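Q: Sequences and hints are given; from them, build the entire structure.
Next come the chains, spelled out residue by residue.
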Amino acid sequence: MGLIDIFKRKKIEGVDDTMYLTLREERRISKENNKIIRKFEREKNRKNVPEEEYLTQMRDPSNVVEFEDLHTYFFTDVGTVKSVNGVSFDIPQGKIVGVVGESGCGKSVTSLSLMQLVQAPQGQIVKGSIRYQDSNGKCYEITKMPKDKMLKIRGKDIAMIFQEPMTSLNPVFKIGEQMDEVVLLHVEGSTPESAKARSIEMLKLVGIAMPEKVYNSYPHELSGGMRQRVMIAMALSCDPRLIIADEPTTALDVTIQAQILELLRDVKNRINGSIMLITHDLGVIAEMADYVVVMYAGRIIEKGTVREIFHDPKHPYTIGLMRSKPTGETRDNRLYSIKGQVPNPINMPDHCYFYNRCDKAMNVCSRDYPDMVDFSSTHCAACHLYYGEGLQEQNKGKE
Amino acid sequence: MWKYFLRRIALSLLILLGVSALIYLLSMLMPADYIDNQTYAALQSGAMTKEDVQRLKELYGLADKSFKGIVKSYLSWLKSTMSGDLGFSFLYGKPVTKVLSEYIWISFLIAFISYILQIIIGIPMGIKASVNQYSAYDYIVSVFAMMGTALPSFFLSALLMNVFAIKLGILPLQGLTTATKLFPPDAHFQILLDKAWHLVLPISVLTLLGVGGTMKFTRTNMLEVLNSDYIRTARAKGLSEHEVTYKHAFRNTMIPLVTSLSGMLPGLFGGAMITETVFAIPGIGYMALRATQQGDIPFIMGYNMFLSILTVLGMLISDIMYMVVDPRVKLS
Ligand SMILES: Nc1ncnc2c1ncn2[C@@H]1O[C@H](COP(=O)(O)OP(=O)(O)O)[C@@H](O)[C@H]1O
Ligand SMILES: [Mg+2]
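Order-wise, the sequence lines are chains G and W. In this text, residue positions in the first sequence follow the working numbering: the first is 1, and each later residue adds one. In this text, residue positions in the second sequence follow the working numbering: the first is 1, and each later residue adds one.
Keep in mind that the hints are not guaranteed to be accurate.
Among chain G residues calculated to face chain W with C-beta under 10 Å, some are [to be verified]:
#  : residue
1  : Lys147
2  : Asp148
3  : Met150
4  : Leu151
5  : Gly155
6  : His220
7  : Glu221
8  : Ser223
9  : Ala235
10 : Ile244
Distance condition first, Cα-Cα at most 27 Å in a straight line; then the derived DSSO-like pairs of lysine-lysine [what the hints assert, rightly or not]:
#  : chain 1 : residue 1 : chain 2 : residue 2
11 : W       : Lys330    : G       : Lys174
12 : W       : Lys65     : G       : Lys196
13 : G       : Lys147    : G       : Lys44
14 : G       : Lys147    : W       : Lys247
If you want a taste of the chain G side facing chain W, the calculated C-beta under 7 Å gives, among others [stated by the list, open to error]:
#  : residue
15 : Leu117
16 : Glu164
17 : Ser168
18 : Pro171
19 : Val172
20 : Lys339
21 : Tyr387
The set of hints was computed from the structure by calculation and includes no laboratory data. Since this is a predicted model, take the numbers as computed values, not measurements. Beta carbons are placed, not taken as given, at the ideal position from N, Cα and C, and that holds for glycine.
A: The following block contains the structure:
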């Protein structure tokens, strides 16, 4: 490090603003962060929390999971990153809910919040609730749940599949060992033999031809597609009620992608569970999902059934996404991309986050953050085009 | 695999050859050789003449310091070394191999005990610091580790001697036995205890100096592992934090740890020159320092060859252990 670097301050880059922190600001941020983080960590580390404190009621008993006004922030050295900033949506029993959005919009953090796996101590759920209903109809408030109770839900009721099959398996343990571990942990009365039988059965279920051989292999001996199958097998081994698949096919070859998606759908029907499918690929959503949630910069800007989103998108961002999806029909197959960038996550503006990229931007759009407007019982979008002042301005323009 | 090791050994031998030639050259070019050192006083007082000294030099093979002469004597050293004869130490009056085999054991004992202590203190503390990153504990460990690596050994030795031997008077200052105490010859246990008592301070110094590195190394590697995807997978499975840390993470951290720690094993025979000298422990490091100061070329050469072989052995062991602990590694 040169002497000059000492005088350089931490830099925050945004779209049309780049700011530097002064030493004093930096110190203030780190002091405030410590205070806030300590408060949340103390709350989380309480022992012997009575069950009433985290039992709750579902708004709709047919849902497995309900997110309501979820806020998950990262308290970093350069300021607070509002990764998830007021997200509400439901995951109904037996359905696939797709979550789409550009990379960095908070999809993964939303799913990690549900698992209580947000990177602590800097990452904290600061507000809102996540309700989960187990198979006995008992409802838990995940945000208030003590860590040790959460361990019984993770991997058993809610399982997760990650984007990178190459790095998501522990390189020093055999596949069998890693799979048995989950069974031994969550299935009562299981023995090493029964766990092995279960693991082999799961490997067969995900279409692995030589389950015994794979069982005795190390991860580096398998291909990417194989490893993702193993991850899916592992996720299935305790009959989860919900599988979170975070970009499960992004890192795979196109031919393998289709197979893995097919497998996921097949598996969902078999266990009658739900899937929260995170992706930035609209093609995947169109093929798989029942409901779609579109996220932008930590917020939901539109949600609805897959029909509503694909045939009648309302938000200019969703419309843009639809256009950016390459289809066989359009002659020009170049990927349409929305110009501009997501605003600086530390200094979010007060107005609509999409304002500076929107081709329909109006005066109101630079003033207030838009409210959610309902179009049907399932379809809603947050855009000024469809209510109040913005709607008037819009109509005036047409006359 | 065998091919790999053979190639490695062949390469090491080549390096050994180069190193030995260089050390031989440097030792021969030292301004005052062994005879000069020994005869300085006699020459000053007139008890010996220059001719006497010259005759002695010829006897010891130190007379011809021309490049050709050095090459010639190096070749004759090399020839006898090949046949396993490291020659006769000028200073100790014994074959070099005999001196080595006599004095390495006390050095090894001190180094080995401190090595074990470093492992059993350093690794758990490093893990704990990584799990509680940025906590007060982590900062204390880091500061401690930095101190351990930055403090010169003679300084730390002097500090501890001052406090524990001189001020408090609870530990012996120097040496391996208490000179003022007379033990009956059959009091083996008491003699042993007395020796052990003398080793407390040197072992503490070596441990304090080494433990910081082990701690830091464990912490760094642990932090890297704890950030990897498979640790997130392990957590997502519902494993407790304890299992995540000590099973999934530590088993991976063990790869660099075992590789580097096992590579250090042969080096434990090499002695700790400064610490042994400060505490006047008759170990191989102490002997080597004295020999170097006096220009005892056969011993310098023998000792350095010994060290080089230990280093090569360390590398080979390290390679083998890497293969043992990491299933991904197949040496080729
Ligand atoms: N551990 C972390 N520390 C700080 N910021 C983070 C961390 N993890 C995620 N973020 C931030 O949160 C935002 C959302 O990230 P993520 O949910 O991973 O996006 P994606 O939609 O691509 O999955 C990003 O701006 C990212 O920089
Ligand atoms: Mg992501």
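Q: If you take the shortest Cβ to Cβ gap from G:Glu221 to chain W, is it below 10 Å?
A: Status holds, d = 9 Å.
Q: Using 7 Å as the Cβ threshold, decide whether G:Pro171 counts as touching chain W.
A: Holds. Min distance 6 Å.
Q: Starting from G:Lys147, check that the Cα of G:Lys44 is at most 27 Å away, please.
A: Roughly 7 Å separates the two Cα atoms, so the pair holds.
Q: Hold the hint about G:Gly155 up to the distance rule: shortest CB distance to chain W must be less than 10 Å.
A: holds, 4 Å
Q: Could you grab the alpha-carbon distance between W:Lys65 and G:Lys196 and see if it respects the 27 Å cut-off?
A: Status violated; Cα separation ~75 Å.
Q: Verify the proposed pairing of G:Lys147 with W:Lys247, using a straight-line Cα cut of 27 Å.
A: holds, 19 Å
Q: Taking the closest Cβ pair, is G:Lys147 under 10 Å from chain W?
A: Where the cut-off is 10 Å and the nearest Cβ of chain W is about 8 Å from G:Lys147, the hint holds.
Q: Can the hint on G:Tyr387 be confirmed by a CB-to-CB distance to chain W that is less than 7 Å?
A: violated, 41 Å
Q: Once the shortest beta carbon distance from G:Leu151 to chain W is found, is it less than 10 Å?
A: holds, 5 Å
Q: With 10 Å as the cut and Cβ atoms as the points, is G:Asp148 at the interface with chain W?
A: Hint holds; G:Asp148 Cβ to chain W Cβ min 8 Å, cut 10 Å.
Q: Holds or violated: G:Ser223 as interface residue toward chain W, Cβ cutoff 10 Å?
A: violated, 15 Å
Q: Can you verify the interface hint for G:Ala235: is its Cβ closer than 10 Å to any Cβ in chain W?
A: holds, 9 Å
Of the numbered hints given earlier, the model fails hints 8, 12, 20 and 21; all others are met.
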